[in-house]
Amino acid sequence: MEFIPWLMAAISIQEVVKSYQRVQALQGISLEIREGEFFGLLGPNGAGKTTLIKSIVGLARPSAGAIQVFGKNVQREPIATKALIGLSPQEPNIDRYFSIRRTLEFQGGYYGLSRVARRQRASELMGQFHLTEKADEEYWKLSGGTQKRVLIARSLMSSPKILILDEPTAGVDVEQRHELWAYLQGLNKDGTTIILTTHYIDEAETLCERVGIIDSGRLIELGTPRELITKHCERYFRVQGEKKDKLNGFGVDDIEVNRGSLEQVFLKLAGKSIYTDESVTTP
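Residue numbering for the sequence shown follows numbering that gives the first Met the number 0, starting at 0 and increasing by one per position.
Don't take every hint at face value.
[Stated by the list, open to error] The calculated lysine to aspartate or glutamate pairs, modelled on DMTMM-like cross-linking and capped at a C-alpha distance of 25 Å, are: (1) LYS53 to GLU31; (2) LYS71 to GLU31; (3) LYS53 to GLU76; (4) LYS160 to GLU178; (5) LYS267 to GLU226; (6) LYS53 to GLU220; (7) LYS140 to ASP94; (8) LYS188 to GLU202; (9) LYS160 to GLU204; (10) LYS53 to GLU90; (11) LYS188 to GLU123; (12) LYS188 to GLU204.
[As the list claims (entries may be wrong)] FRET-style restraints, in silico, Cβ to Cβ: (13) GLU123 to GLU14: 38 to 48 Å; (14) GLN74 to LEU266: 34 to 44 Å; (15) PRO77 to ASP135: 26 to 36 Å; (16) ASP135 to LYS230: 43 to 53 Å; (17) GLY64 to SER142: 32 to 42 Å; (18) GLY64 to TYR109: 22 to 32 Å.
Calculated directly from the structure, the hints in this document are not laboratory data. Predicted model only: the values in this text are computed from it and were never measured. Glycine included, C-beta positions come from ideal geometry on N, C-alpha and C.
Could you put the whole structure together from the sequences, leaning on the hints where they help?
Here it is, written out as structure tokens:
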């Protein structure tokens, strides 16, 4: 869904600070994510991404500042805001002996879905994520990629208005990764606001309308991938061929145009690798 600045804020983050003893994980972050936006959150290990997500979903209480979800304060109305958000964590937190079907239906019960409704929703999601054939297999027997799809399907059981994905394609093969991209793009096109953390820069560049780069608890850059590339990357041309042919404009063997990439932007701003071992788990 195209980013439109005047749309209502799905998430409003206002001067949020989070301290753990002597460590400031978040240092006055302010950010608005619009309704229907596909937003990417990038940052190296320890940057504060996970702490920010935990604060949004109510798993961490900010030391200062405020977070609103569709106008509702996360701290004052936790039940109302949690009902609006689906979270797919990086690390699995599912009972290893639960089947896929039981996992999804159990999650539906948390959100007050009737038995019929949660069975129907679970069946629908298993079909969409190609899980139907394995519906009654225990979670621990599934491959890493299949486990990841179960986590994402579980986060969608309540048909949330906001979907937060923490490293959704880590451990997923290339084919499944692209299938998931297509599904998420369709979900976003239908109006779901999506927040993505990923260490695959090409994933953020392909899917996200805007990205925010966090480092040392601060939001250091924000914009569309194209805006950030234009702002921070130099363009250059490389032409191969005989010198006389180049001068005459003939016989050029190869032309390369470097327009920059989001990865170059990240490395320039953060000065370190995107790889992270931070993770978020649902309660």
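Comparing the hints with the structure gives:
Note on LYS53 and GLU31: the hinted pairing holds, with a Cα-Cα distance of about 16 Å set against a maximum of 25 Å. Taking the CA atoms of LYS71 and GLU31, the gap is about 14 Å. The hint holds against a cut of 25 Å. With a C-alpha separation of about 15 Å, the suggested pair LYS53 and GLU76 falls inside the 25 Å cut-off, and the hint holds. About 21 Å separates the Cα atoms of LYS160 and GLU178, which keeps this hinted pair within 25 Å; it holds.
For the proposed pair LYS267 and GLU226, the alpha carbon gap of about 15 Å is at most 25 Å, so the pair holds. Distance check on the hinted pair: LYS53 and GLU220 sit about 21 Å apart at the alpha-carbon level, within 25 Å; holds. Between LYS140 and ASP94, the direct Cα distance comes to roughly 12 Å. Compliance with the 25 Å bound is thereby established for this hinted pair. For the suggested pair LYS188 and GLU202, the alpha carbons sit about 17 Å apart, so the restraint of at most 25 Å is met.
With a C-alpha separation of about 23 Å, the suggested pairing of LYS160 with GLU204 holds against the 25 Å cut-off. This hinted pair checks out: LYS53 and GLU90 have alpha carbons roughly 14 Å apart, not beyond 25 Å. Taking the CA atoms of LYS188 and GLU123, the gap is about 19 Å. The hint holds against a cut of 25 Å. Simply put, LYS188 and GLU204 have alpha-carbon atoms about 17 Å apart, close enough for the 25 Å limit, and the pair holds.
Between GLU123 and GLU14 the Cβ separation comes to about 40 Å, which falls inside the hinted range of 38 to 48 Å. At roughly 36 Å, the beta-carbon separation of GLN74 and LEU266 lies within the given 34 to 44 Å, and the hint holds. For PRO77 paired with ASP135, a C-beta distance near 34 Å keeps the hint of 26 to 36 Å intact. For ASP135 paired with LYS230, a C-beta distance near 52 Å keeps the hint of 43 to 53 Å intact.
Between GLY64 and SER142 the Cβ separation comes to about 41 Å, which falls inside the hinted range of 32 to 42 Å. In this structure the supplied range 22 to 32 Å holds for GLY64 paired with TYR109, their Cβ-Cβ distance being about 28 Å.
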